[in-house]
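Asker: Chains H and U are the protein sequences, given in the same order. For the first sequence, position 204 (counting from the first letter as 1) is numbered 243 according to this note's numbering, and the numbering increases by one without interruption. For the second sequence, position 44 (counting from the first letter as 1) is numbered 213 according to this note's numbering, and the numbering increases by one without interruption.
FYI, nobody ran anything at the bench for these hints, they're computed from the structure. One or more hints might be untrue.
Stated by the list, open to error - What follows is a set of in silico ranges between Cβ atoms, one per label pair, in the way DEER data are often shown: (1) H:134 with U:194: 35 to 43 Å; (2) H:109 with U:194: 34 to 42 Å; (3) H:371 with U:180: 32 to 40 Å; (4) H:137 with U:272: 29 to 37 Å; (5) H:109 with U:260: 43 to 51 Å.
Each residue gets a CB set at the ideal place from its N, CA and C atoms; glycine is no exception.
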Amino acid sequence: MNNVREFSWSVFFTWMILAAIGLVAIYSATQGPVSQFLEPYIQNNFFKQVVWVIISLFVLISIQFISPRAFIQLSYFAYGVGIILMILTLMFGTEINGAKSWLRLGPANLQPSELMKIATILATANYLTSRRDISAENVRYALTAVALILIPTILVLMQNDLGTALIFLSLIPVMLFWSGLPYGVSLFIISPAIIAYLTVIDWYYGLIAAVLLTALIFFIQKRVWLTVTAFISGFLTVSGVQVAMNQLLQPHQIARIAAFTNPNYDPTGAGWNVIQAKTAIGSGGLTGKGFLEGTQTQLKFLPEQWTDFIFCVIGEEFGFIGSTIVIVMFIFLFVRLLNMAGNHKHPFAQLVTVSITSVFFIHFFINVGSASALLPVIGLPLPFISYGGSAFLTNTIMLAICLNMDFHKREFSIYR
Amino acid sequence: MSISQTNRTRTSIRALQVIIIGLTLVVLGRVFYLQIVDHEVYAALGQENSVRQEYVDAARGLIYDRKGRLIVDNEPIYSITITPSLFDRDKLPLLADILNVSDSLLTARVQEAQRYSWYRTSRLITEIDFARFSAIQENLWQLPGIGHQIESKRHYPTNFNGSHLFGYLREASESQYRNSNTLKLGDKVGKSGLEMTYEDTLRGDDGVKYLRVNALGQALSNLEDSTLIQHPVQGSDIYTTIDTDLQILAEELMDGKKGALVAMDPKTGGILALVSSPDYDLKRLAGRLDMDYWQSINADTLTPLYNRAISGRQPPGSTIKPIMGLIGLHLGFIDTTTVVYNSGAYMRGRPYRDTAPIGEYNLEEAIANSSNTYFFSLMDQIATNGYLNQWSNMLNDLGLGVSNPIDLPYASNGIVPDSTYMNNIFGENGWGVGDLMSMGIGQGLLSISPLQVAQMTSVIANGGYRVDPHIIKATRMPNGEIKDIAPELNRIDWITEENLSVVRAGMRKVVSEGPSRYYTNNSEVPTAGKTGTAQNPHGRDHGWFTSFAPFEDPQIVVSVLIENGGYGSISAAPVAAVLIEKYIEGEISRNYVYNYVLNFVSRPTDSELLENE
Numbered sequence: 040m041n042n043v044r045e046f047s048w049s050v051f052f053t054w055m056i057l058a059a060i061g062l063v064a065i066y067s068a069t070q071g072p073v074s075q076f077l078e079p080y081i082q083n084n085f086f087k088q089v090v091w092v093i094i095s096l097f098v099l100i101s102i103q104f105i106s107p108r109a110f111i112q113l114s115y116f117a118y119g120v121g122i123i124l125m126i127l128t129l130m131f132g133t134e135i136n137g138a139k140s141w142l143r144l145g146p147a148n149l150q151p152s153e154l155m156k157i158a159t160i161l162a163t164a165n166y167l168t169s170r171r172d173i174s175a176e177n178v179r180y181a182l183t184a185v186a187l188i189l190i191p192t193i194l195v196l197m198q199n200d201l202g203t204a205l206i207f208l209s210l211i212p213v214m215l216f217w218s219g220l221p222y223g224v225s226l227f228i229i230s231p232a233i234i235a236y237l238t239v240i241d242w243y244y245g246l247i248a249a250v251l252l253t254a255l256i257f258f259i260q261k262r263v264w265l266t267v268t269a270f271i272s273g274f275l276t277v278s279g280v281q282v283a284m285n286q287l288l289q290p291h292q293i294a295r296i297a298a299f300t301n302p303n304y305d306p307t308g309a310g311w312n313v314i315q316a317k318t319a320i321g322s323g324g325l326t327g328k329g330f331l332e333g334t335q336t337q338l339k340f341l342p343e344q345w346t347d348f349i350f351c352v353i354g355e356e357f358g359f360i361g362s363t364i365v366i367v368m369f370i371f372l373f374v375r376l377l378n379m380a381g382n383h384k385h386p387f388a389q390l391v392t393v394s395i396t397s398v399f400f401i402h403f404f405i406n407v408g409s410a411s412a413l414l415p416v417i418g419l420p421l422p423f424i425s426y427g428g429s430a431f432l433t434n435t436i437m438l439a440i441c442l443n444m445d446f447h448k449r450e451f452s453i454y455r
Numbered sequence: 170m171s172i173s174q175t176n177r178t179r180t181s182i183r184a185l186q187v188i189i190i191g192l193t194l195v196v197l198g199r200v201f202y203l204q205i206v207d208h209e210v211y212a213a214l215g216q217e218n219s220v221r222q223e224y225v226d227a228a229r230g231l232i233y234d235r236k237g238r239l240i241v242d243n244e245p246i247y248s249i250t251i252t253p254s255l256f257d258r259d260k261l262p263l264l265a266d267i268l269n270v271s272d273s274l275l276t277a278r279v280q281e282a283q284r285y286s287w288y289r290t291s292r293l294i295t296e297i298d299f300a301r302f303s304a305i306q307e308n309l310w311q312l313p314g315i316g317h318q319i320e321s322k323r324h325y326p327t328n329f330n331g332s333h334l335f336g337y338l339r340e341a342s343e344s345q346y347r348n349s350n351t352l353k354l355g356d357k358v359g360k361s362g363l364e365m366t367y368e369d370t371l372r373g374d375d376g377v378k379y380l381r382v383n384a385l386g387q388a389l390s391n392l393e394d395s396t397l398i399q400h401p402v403q404g405s406d407i408y409t410t411i412d413t414d415l416q417i418l419a420e421e422l423m424d425g426k427k428g429a430l431v432a433m434d435p436k437t438g439g440i441l442a443l444v445s446s447p448d449y450d451l452k453r454l455a456g457r458l459d460m461d462y463w464q465s466i467n468a469d470t471l472t473p474l475y476n477r478a479i480s481g482r483q484p485p486g487s488t489i490k491p492i493m494g495l496i497g498l499h500l501g502f503i504d505t506t507t508v509v510y511n512s513g514a515y516m517r518g519r520p521y522r523d524t525a526p527i528g529e530y531n532l533e534e535a536i537a538n539s540s541n542t543y544f545f546s547l548m549d550q551i552a553t554n555g556y557l558n559q560w561s562n563m564l565n566d567l568g569l570g571v572s573n574p575i576d577l578p579y580a581s582n583g584i585v586p587d588s589t590y591m592n593n594i595f596g597e598n599g600w601g602v603g604d605l606m607s608m609g610i611g612q613g614l615l616s617i618s619p620l621q622v623a624q625m626t627s628v629i630a631n632g633g634y635r636v637d638p639h640i641i642k643a644t645r646m647p648n649g650e651i652k653d654i655a656p657e658l659n660r661i662d663w664i665t666e667e668n669l670s671v672v673r674a675g676m677r678k679v680v681s682e683g684p685s686r687y688y689t690n691n692s693e694v695p696t697a698g699k700t701g702t703a704q705n706p707h708g709r710d711h712g713w714f715t716s717f718a719p720f721e722d723p724q725i726v727v728s729v730l731i732e733n734g735g736y737g738s739i740s741a742a743p744v745a746a747v748l749i750e751k752y753i754e755g756e757i758s759r760n761y762v763y764n765y766v767l768n769f770v771s772r773p774t775d776s777e778l779l780e781n782e
């Protein structure tokens, strides 16, 4: 057993503080004066979360006693079980807020797609690092890795959970890049997302981005076919998004996008969330309105304020100071985790830690970005803070795996 | 692991850290922008969001009669309000259904509210019944932007109309509320009568209160922020000189007739009763506008909205004769003993007819028998000697032909021609004595309102003091402070008690010996008066009677005009007599006069009696 001083206590305490902040925010969002407007089962969310935090704490500690080799050994098995659970969910799952992602297990609702994130990361990382000759530079191996990620992505999409599907998709560029995919190709893979985002704001921002990204890809990797493909795909993305926005999307989806670019477009409808979220954060000011004093929170102007808009609760009641503390905690967490990854000699540990960090970051960025109207509203929880047992447990397990591999990194090296 | 791979790892870790920190800082910057830079914007938005502004209706001032009886007050009505920015247009059919109004009407009202202000709350529908009001209350949660409030409308607790006294209220016009800091869409303002003249006094300042509301628009509590709350300031009450009992009787007596009545306290100029007939029903114009009724009174050829008592202009006829006497005495063309022989007509280029018995008349007898010859002769001297402007100025001294400070809108000045006026009408020197003669008996170009007839009669009754006719004697501010309004009486220096006594004696004889004596000579209440007939080229003549009583110590002046009533002695005089009896005696004992008045019918086209008196 390793010396407990080698355990990354700072990351562990960051986890505890974030979980505590989360409980405070969930308390405010469900137990404050607002509770009179909420259904009883939502009021109970706070107590359920307390239970989940305690369970997660035990899980986190327990995981530290496992040998990291177990993650490698169990990865394909876990992947298989996860896929089966997700198919079961599709068949027998419970639908909440339009997404059929929950499997009823006794008293708790389990969200297999959350746990599937772990299994997918482990399995894909295992595959990509299992043999020296496997590299993402080889198209065949790269496509196998992509397939490993796409299978759960498709299942999540079938469950109608767009946010989680985005998380799975984001694993593709991250994991391939880390497994040797050239910079230029990696940039090429993520460029459609950037172009699409800018096209939603204004089609010609998208066009400029497409041109600039193509130039950058050519500059990094002077390969004609890649540059041409990048240019064509950039152009197709711009026109595809335009066509989608004008013809393919349902009116309510268009309204949602329009509300993002101009919330006043439909202030009582699709723009409502955006306006209310911005108002909550903005009206918090420097010091906030005080615990349980936020009018936007307590008078229920915020939708889903215990999950997707929990950052607004913090922003409104604890102000810029509170928001900054949360954001700085996350920066610390990301930097520390990436440092851990950098210190790993073992590529599996490296790849897993980087992937997990990117999953945390994307959750964080999309959640806070949505709440502050930097991004269109995509329903994703804020790691460790938002209400959600499965998500909290999954995030804790992922963090625990990073901590475990860091804790046991010498053992890992010997194994290698 | 190769060196290059290790390098790549290290660079990539750094690159990833830079990207993540960079993007996180973008988020932090965004939060900084919202919470610090744009804080004020969102703080206001948040405030607006969770706080609903509601107006607290300030009660309009009450109106009391001379004895402190309440004659105009307020009663509650229920209104529905709208804040267009919060209103969901899809809910319009639901709202129309609950309110039981047509979609098109409601759409028009919503659009009007939107034009007024997108963000301010304004009235949508006023005066709905309590059941609908409750239905709205129950459904507020699904009607964002819709609110309700309790307001008040005018209520008239007495048995009289007083439509020409009080006037009606209507919603302020678009230009009115646009140019006002205090008026809002749907606020009512006085459009005639005292309500109009005293709009600023009667009108209170609406209060503003703030309610904490949740996202569903449910009011949770009052917001205790003293810097925002404005308490309503009630309008000031006004105390009038109106005598309720007299006004009730006056309206009853004038009912079914066309004409006007003014009863005045000659010692103050305070109006005791004022009727213009026909009038309209104020109760039907209070609250939500009854469009059918409004159009019917506007289209009525008898013009019920027109206040004949102060805006009307008629030749005063023989009622001017006592004043002519006073002027003649002062100018020295006659004295109390001057005698003029009536031969049946006064000759001045042509005969001017006189129906008084043939014989000699001094001033007292000339007034008593309404001999035209005496006054034609007097006017002839005034005109011939170039005293037209003095004559005109002296009538102005009594309040004729000039504006009077009556506290009702649209009062007529009347026309008392002087040389300037004559020049304007006939051209420079295009007129002569012949054009002035008939003014000596109150005909021709001379025309004044019934109010002015009462004013000049008051001068005779009160011993030569010019009166300022008024209806308000005091206002009471919401803090209880009472401000008395008592116009000063100004002595008219050219009127002497000696001259007055002759004129009064003549007027006393009109009542006791003249053709109206059957109705007017009340042994209990010695009365003086003068009949008159205004020549009417369009139909039957208008009858005048102006009087004061009791003779020795006049308490009341009553002037009555009955349009198309023929002789004043049979049309107007009985009305005045009943009113005087009621005021001085407290009750009507001479029921035959009362019944005669109630049954009197004026016949506008009957022209068989085109005679002077």
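Asker: With reference to the structure, classify each hint as holding or not holding.
Answerer: Comparing the hints with the structure gives:
no.: 1; hint: H:134 with U:194: 35 to 43 Å; result: holds, 38 Å
no.: 2; hint: H:109 with U:194: 34 to 42 Å; result: holds, 37 Å
no.: 3; hint: H:371 with U:180: 32 to 40 Å; result: violated, 22 Å
no.: 4; hint: H:137 with U:272: 29 to 37 Å; result: holds, 34 Å
no.: 5; hint: H:109 with U:260: 43 to 51 Å; result: violated, 60 Å
Violated hints, in rising order: 3 and 5; the structure is consistent with all others.
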